[in-house]
Amino acid sequence: MRRRPSAAFWILVVLLAVLVILPLLWMVITSFKTIGESQSDPPTPLPQEPTGRAYGEILTTGGQNPVLRWALNSFGAAALHALLVVTVASMAGYALARMNFRFKNAIFSVILLTLFVPGFVFLMPNYLLMDNLGWLDTLAALIVPGAAGAFGVFFMRQFFLAIPKELEEVALIDGANSWIIFTRIILPNAKPALATLTVLSFLTNWNDFIWPLFVLFSPERLTLPAGLTLLQGAYTTDYPVIMAGATVAAVPVLILYVFVQRYVIEGVARSGIKG
Amino acid sequence: MAVQADAGAIRRRRTRASTEVRGYGRATPYLFLAPYLTLFLLFVVGPAIFGFWMSLHDWDFQLPGKPFVGLQNYKDLFDPLSATAEPFWHGMRATGIFTVASVPFLVALPLALAVLLNRKFPGRTFFRAVYFAPFVLGVAVIGLMFRYILDTSFGLLNAFLGLFGAPDIGWTNDQPYAFIALVAVTVWWTAGFNAIIFLAGLQDIPAEQYEAAELDGANSWQQFRNVTLPGLRPVTVFIVTITVLASANMFGQSVLITQGGPGDTTATALMVITDTGFSQFRMGQATAMSYLLALCLAIISVLNFVLLRERKS
Chain A
1 MRRRPSAAFW ILVVLLAVLV ILPLLWMVIT SFKTIGESQS DPPTPLPQEP
51 TGRAYGEILT TGGQNPVLRW ALNSFGAAAL HALLVVTVAS MAGYALARMN
101 FRFKNAIFSV ILLTLFVPGF VFLMPNYLLM DNLGWLDTLA ALIVPGAAGA
151 FGVFFMRQFF LAIPKELEEV ALIDGANSWI IFTRIILPNA KPALATLTVL
201 SFLTNWNDFI WPLFVLFSPE RLTLPAGLTL LQGAYTTDYP VIMAGATVAA
251 VPVLILYVFV QRYVIEGVAR SGIKG
Chain Z
276 MAVQADAGAI RRRRTRASTE VRGYGRATPY LFLAPYLTLF LLFVVGPAIF
326 GFWMSLHDWD FQLPGKPFVG LQNYKDLFDP LSATAEPFWH GMRATGIFTV
376 ASVPFLVALP LALAVLLNRK FPGRTFFRAV YFAPFVLGVA VIGLMFRYIL
426 DTSFGLLNAF LGLFGAPDIG WTNDQPYAFI ALVAVTVWWT AGFNAIIFLA
476 GLQDIPAEQY EAAELDGANS WQQFRNVTLP GLRPVTVFIV TITVLASANM
526 FGQSVLITQG GPGDTTATAL MVITDTGFSQ FRMGQATAMS YLLALCLAII
576 SVLNFVLLRE RKS
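In order, the protein sequences belong to chains A and Z. The first sequence finishes on residue 275 if you use the numbering used here, and the numbering steps up by one all the way, no holes. The second sequence finishes on residue 588 if you use the numbering used here, and the numbering steps up by one all the way, no holes.
To be clear, the hints were calculated from the coordinates, so they are not data collected in a lab. For each residue, glycine too, the CB sits at the ideal point set by N, CA and C. Wrong hints could be hidden among the right ones.
[Claimed, not checked] Partner residues are not named here, just some residues of chain A that face chain Z (Cβ under 10 Å, in silico): (1) Tyr55; (2) Met99; (3) Ala150.
Please build the complete structure, drawing on both the sequences and the hints.
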């Protein structure tokens, strides 16, 4: 185990990294090619006549494919969704971790059970519910229903269980009530978990594909994933434009990822151990 | 004063031999739970029950009448002559093929990747972050990107294979290549996710176990067989379960890369369900399909939980 990595080891590690990076790089490179060049066989490694035409096309075509608007919708929905998840999940997780009450185990079991119910079961009934609430074709449909997912509660509960309860007991002696304890002592001590849950919820929502595909219709109401399908349909073989659209959807999350990768990776790792 | 209060706190702690902190009103826990439970009842529990109710009706949401048909929608799915059985089982077949073909790779390769990353080497954190990166992208980006890379005439993959004299392969429009492509893309996309979970599991195996094995003269492979694999069993059960669920939910890759083709060989169960419900408006039949698929998945999850657990003893 303590042997120094061999040359073969390094080749493998680097090769795998190239395998991950190359498709992404190819997407970005293609977005700067002309249509003709994007269809050349064999392909050119770098754009011979680099052009921003594809970006001009998707960022300015007067409302037909408002990619910027989609990006804004995606961002707004994902941010509000993450905020909602973190709020309700940390409150519920705290009660389940630290308080005793009737039906506690029953409630937690039911929540946990739904973690394993596949999402497509909720597709049609929630669609009808959106229709009845008047939320079809609005971002509310993207922000709210997903916050009912069990993962956040489960995740926050696990974290709160690990916080030493002496902290709360001292505050209790000082006469603080539950809400004060929760907001002044528990939440500040849960910053890493809150950050992780925020980032994971944001990413999930930003990337969600199937739900927005069916509950959003108007071009100006779409999020990026739903919009990209529209783009693929409208530009079929204009790959620079399609790759530009994909790049616009990919780059923000990749940049976010560079800064918060620790939270993302640790969040995912923890979900596995406890599961 | 303080001493008295402390004594009180300790007594309280003794009398309640649990993890809870006392000192809140009766309603407090429910108030903390209320916001989440409201959402949970409205968007999870309610719809789950209502969806089943829908599946018992001929539920066309464009029509005023939604006649109750009992279990007819379910019976139809098992009647070869009905209009819903053929497309549904065709979709189930595509989903089944994809799941069976993808899960072994999505478990074995991430395990290998995790073992690789579990060694200490300079830049380990960086490579770990790189391998995980594809997972932060959505299926829409993955789908569009690979639709281009896999293109028969001007895709990067065929150009690369062409260097070795391979003919152009129809990754998006020819079988079995379409399934191979869908599996490979999914591996590229999600291997890092499973690897991170495996890696956390590896790091939970006490180092002493390896030291003991080494003292007994076990080589690397024997250590892997006798220490690593048994130590990873619970994590493996978890990964197999979530990966089967994820693969059975396959939708975006097929929609964006193969458009369900060639023919409708890669049109998955979920594509058939959404087509039936949202394009043909036959939501009763579509929910019946959803519930049947969910039931299949529940049975598979329980089975692999039992099977993988059993071998332990």
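Going through the hints against the structure:
1. Tyr55: violated, 15 Å
2. Met99: holds, 4 Å
3. Ala150: With Cβ-Cβ at 8 Å, under 10 Å, it holds.
Hint 1 from the earlier list is the only one contradicted by this structure; the remaining hints agree with it.
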